[in-house]
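Listed in order, the protein sequences are those of chains A and B. full-length UniProt numbering applies: residue 1 is where the first sequence begins, and numbers increase by one. full-length UniProt numbering applies: residue 1 is where the second sequence begins, and numbers increase by one.
Quick caveat, the hints were computed from the structure, so don't treat them as lab data. Incorrect hints may have been included.
Label-pair restraints from in silico Cβ distances [as the list claims (entries may be wrong)]:
#1 A:Asp41 to B:Thr48: 49 to 55 Å
#2 A:Leu113 to B:Lys195: 38 to 44 Å
#3 B:Thr48 to A:Gly170: 35 to 41 Å
#4 A:Gly116 to B:Thr48: 24 to 30 Å
#5 B:Asp73 to A:Arg67: 32 to 38 Å
All C-beta atoms in this analysis are idealised placements derived from N, C-alpha and C, irrespective of residue type, glycine included.
Chain by chain, the residues run as shown.
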Amino acid sequence: MATGQRTWRRPTAFGRREFKWAAYLAVVGFFLWSAWGIGADPARIASGFGRGLTLLGDFFPPDATPRQARRIVDKMVESVAMAMISTVTGIALSVPVAFMAAENLSPKPLYYLNRGFISLSRALNAIIVAILVVKAVGLGPLAGIITITFKTVGFFAKLLAEDLEDIDMGSVDAVRATGASPVQTLAYGVVPQIIPRFAGLSVYRWDINIRTSTVVGIVGAGGIGSVLLTAFNRYSHQYVSAILVAIVAVVLVAEGVSAVVRRRYQ
Amino acid sequence: MSEVDAARSWRRFDRRRRIGRFVGVLAALVVFAASWRFLDMGITNVETVPREIRDLLTRMYPPDFAYAPEIVDPLVETVHIAALGTLGALVLAVPVALLAAENTTPNAVTYWLGKLIVTVSRSVNTIVWALIFVVVFGSGPLAGAVAIAFRSVGFLGKLLGEEIEEIDFGQVEAVRAAGASSTQVLLYGILPQVKPALVGLSVYRWDINVRDSTILGFVGAGGIGVQLFRAVNAFAWQSVATILIVILAVVLVSEGISASARRMTR
């Protein structure tokens, strides 16, 4: 019997073994090209890590004069305030966008328009948006608020639209069959189905917005980021690490609050 | 039924829940108003925003496509940074994930060390990591790739750690009972169980890293951000538009590749 000579081979995700090796080779080749392309030779990396250790020594211990400490607190409050405002405005703007970007509720042209807007907002990093907004409206927290609002709409409207596409259209039809107007249909047929997710998503986005608001200052859009950049440029490394500790602390608190609230809503 | 019951009207939520919601919304509004007051931005300032943004958009139109050949090199550099950063993160993340998973970490101290690495890496934004590594490696794409790697370690370590916590430990015991060394246990007991997750997560993170590496140029860490920053500072808005379109295209392509690769591993 021929079965005697057959050997077992592990199945592979690629249809044929040759494809598998070709794919692996291509990936390895690409990484080599990348390493060559950005000039990553081992000597440079080694000397860099030596310098990294020196820098780490400069960072410790975190330190700030009373004036610097007050500045950290001041700008951190500005960051948090920016995050608060943009979460509210972002969500308010997301709701209509989400309804128009849900395939089951919106006519086709509106659907594509809003999906396009969502893709645009998601593809552009907050820092890029911030740079453009700063040029348009000037330095300061207003630019940060606009930036974070824009990013919030991309994220929030996308997820909300996906929820809207998953709703039970049966209950929507039931409300409509009682003779409800379109507004009433939305209010009693659609909205109750998405409210729990809505609350969870809002808090989640608030948490992300706090993170974002701590960095947009690097390009002049308000908040603690500006202090960080100045400290870096002056090589006051202990002050830098004090700012970093403050940022990590605030981000952790926001993450904790967000996790607790989301657990209660699920 | 008593008459008292008949007189009671039906309510969707009990009183405690309604009060809780009311307080929640009220608190959000108060914080919103307080934040607005704190940031001290006049309403007049806000009124001009739509006009300024429209002005910026009209200056960007039409995009200057003659500029496109000049951004091919920085674009390739961006892709390299994202690829190498992801590879570096993957190499660093496997040990971190083993430390941060309750069932593979040697003791409580290493567990908390793993958690600490994950948390710090995640709370510090890519651009802040880039600021640090530009000091270490000098400006250029190498600093960018290392920044991307350090930022991604937390993400990969956290999610991979969660995967490791869910593996079937029976298989690990079986490999160990066969007399395997700890390296062999890792290779034959743990790794095969998390391999699909490992591939899926790395591809997902690579996709995020492509977005993130577009901004590294703002702090001198290479990639297309350098070009964008230069064009913005020179008020060459039509070139800016071209760069934005190119970034958008690259991000969408990498999102597509990532989605189909993840579907393959599932």
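Against the structure, test the hints numbered earlier, and report the numbers of the ones violated in rising order.
3 and 5
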